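Asker: Once you have looked at the hints, place chain U on chain X.
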Amino acid sequence: MRAGPLSNKKVIDLLNGYFVPVYSVNEDYSRKGGAPKEEKEERERIFKAGYAAKKSVGSVHVYIVKPSGEFFDSMHVAEAAKPKTLIEMLEHAVSELKVAPGKPVVKLQPQSQGPACEADALTLHLTARSLDGKGAWSEFPVENWVVLSPVEQKEFLGNRTAVKAGETWTIPAGLSEKLLTHFYPATENNDVTKNKFLDQKLTATVVNVNGARGRARVTGNFRMEHSFYHKADGKIAEGTVIGYVDFDPTSQQISDVQLITDKATYGGGTFAIAVRAVR
Amino acid sequence: MRVALTLALLVGATCIGLAEISFDAVQQRVAELQPKAEEKRFDEIGWAKDIREAKRLAKEHNRPVFLFTHDGRMNIGRC
Chain X
50 MRAGPLSNKK VIDLLNGYFV PVYSVNEDYS RKGGAPKEEK EERERIFKAG YAAKKSVGSV
110 HVYIVKPSGE FFDSMHVAEA AKPKTLIEML EHAVSELKVA PGKPVVKLQP QSQGPACEAD
170 ALTLHLTARS LDGKGAWSEF PVENWVVLSP VEQKEFLGNR TAVKAGETWT IPAGLSEKLL
230 THFYPATENN DVTKNKFLDQ KLTATVVNVN GARGRARVTG NFRMEHSFYH KADGKIAEGT
290 VIGYVDFDPT SQQISDVQLI TDKATYGGGT FAIAVRAVR
Chain U
-13 MRVALTLALL VGATCIGLAE ISFDAVQQRV AELQPKAEEK RFDEIGWAKD IREAKRLAKE
47 HNRPVFLFTH DGRMNIGRC
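So the protein sequences, as listed, match chains X and U.
Under our numbering, think of the first position of the first sequence as 50, with each following residue one higher.
Under our numbering, think of the first position of the second sequence as -13, with each following residue one higher.
The following block holds chain X by itself, in its conformation from the complex (with noise of 0.2 angstroms):
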């Protein structure tokens, strides 16, 4: 959808200039999800009112709701994927609810934030990038938020308190995997519990330190095992990492991280990881 009529100019320009939009992602409003309890009860309002009207129903849907919370009209996101189609659909709901056209009622804000996050905690921004366009999940990339917290980000520098040049040490294993856990191409099945490495490691090695500022170079590698779909299917997401860390050796807090892959291949495709720090 999103790479399909969520980009196309008349399906964007219908949802702005017509209609409230709002995207729900299953996990939050199964049972065990966080959405708040009034949320997963509107939803299934919504869902329970198109059966009843005998429509299509389900967790991948477009769903029009009236003005006055009434169900008007659904449709199975494999139909809803074709452009014409869903263009069609909303076309008929502006016509039959008459609905006078406007400016978005919602300002527009980029949807992937990083997460809130306590004082001095470094957040990464991953991106995920296919580079032979392989596959159906390649059309655009795909991105992740890490959050190392103070604590970590010492654990990260080697918990050392002085640093010299040439000095090299290897990031302990449950941090580079927090990291290199998300070092995979779109693909449907994002658990990344799932996900099981075969091998991993991130080597850090002081290239100069100037007063309160010092610069370390990353390298590593990683094999990992990520099914494409939820199913396990043996898939392994491989490359090798490079890049730098700069940071203050007096309090270990790190200011920058910029790190890439190199010869990162899945599933016969190559793809390509990068990963910098925003604060």
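Note that these hints are calculated values from the structure, not bench results.
If you're wondering where the values come from, they're calculated on a predicted model, not measured in any experiment.
The C-beta atom is built at its ideal place from N, Cα and C for all residues, glycine as well.
There could be a bad hint or two in this list.
Claimed, not checked - Reference listing, derived: stretches of chain U covered by chain X, where coverage requires no fewer than 3 residues with Cβ under 8 angstroms from a Cβ of chain X: (1) 10 to 16; (2) 26 to 35; (3) 43 to 55.
To be verified - Every beta carbon over 10 angstroms from chain U, so not counted as near; a handful from chain X, in silico: (4) Glu87; (5) Gln249; (6) Arg262; (7) Phe277; (8) Gln302; (9) Ser304.
Claimed, not checked - If you want a taste of the chain X side facing chain U, the calculated C-beta under 7 angstroms gives, among others: (10) Ile61; (11) Thr252; (12) Ala326.
Answerer: Positioned in the frame of chain X, the structure of chain U alone reads:
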């Protein structure tokens, strides 16, 4: 076309001798790999933060709600 060219450059960039790659070169490649505006047109839509807010705004502005339910995290593309 522009995306294809960028990707071709990125593929070519994998031939860089990584043992010698500088901070500036890594930083440049990180920048090249970032999502482009045309890959984030989804952000050009004014999304309500949740269903209840959408419902409230729909009533206030006399507009229908467009609700998309999905697996994964569409905001980061992991879906």
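Asker: Is the shortest C-beta separation between X:Ala326 and chain U less than 7 angstroms?
Answerer: Violated. Min distance 10 angstroms.
Asker: For X:Phe277, is the shortest beta carbon distance to chain U beyond 10 angstroms?
Answerer: About 13 angstroms separates X:Phe277 from the closest Cβ of chain U, which puts it past 10 angstroms; holds.
Asker: Given X:Thr252 as an interface hint, is its Cβ closer than 7 angstroms to any Cβ of chain U?
Answerer: 13 angstroms, violated
Asker: Are all beta-carbon distances from X:Glu87 to chain U longer than 10 angstroms?
Answerer: 6 angstroms, violated
Asker: Are three or more residues of the stretch 26 to 35 of chain U within 8 angstroms, CB to CB, of chain X?
Answerer: It holds, with 10 qualifying residues against the three required.
Asker: Using Cβ atoms and 10 angstroms as the threshold, tell me whether X:Gln249 really stays out of contact range of chain U.
Answerer: Given that every Cβ of chain U is farther than 10 angstroms from that of X:Gln249, nearest at about 17 angstroms, it holds.
Asker: Is the nearest Cβ of chain U still more than 10 angstroms from the Cβ of X:Arg262?
Answerer: 12 angstroms, holds
Asker: Beyond 10 angstroms from every chain U Cβ: check whether that's true for X:Gln302.
Answerer: Fine: 19 angstroms to the nearest Cβ keeps X:Gln302 off the interface.
Asker: Can the stretch 43 to 55 of chain U be counted as covered by chain X under the rule of three residues or more with Cβ-Cβ separation shorter than 8 angstroms?
Answerer: holds (count 13)
Asker: Double-check X:Ile61 for me: the hint is only fine if its C-beta lies closer than 7 angstroms to a C-beta in chain U.
Answerer: 5 angstroms, holds
Asker: According to a criterion of three or more residues whose C-beta lies within less than 8 angstroms of a C-beta of chain X, is the stretch 10 to 16 of chain U covered?
Answerer: holds (count 4)
Asker: With 10 angstroms as the threshold, tell me whether X:Ser304 passes as away from chain U on beta-carbon distances.
Answerer: Its Cβ never comes within 10 angstroms of chain U, the nearest being 13 angstroms, so this holds.
Violated hints, in rising order: 4, 11 and 12; the structure is consistent with all others.
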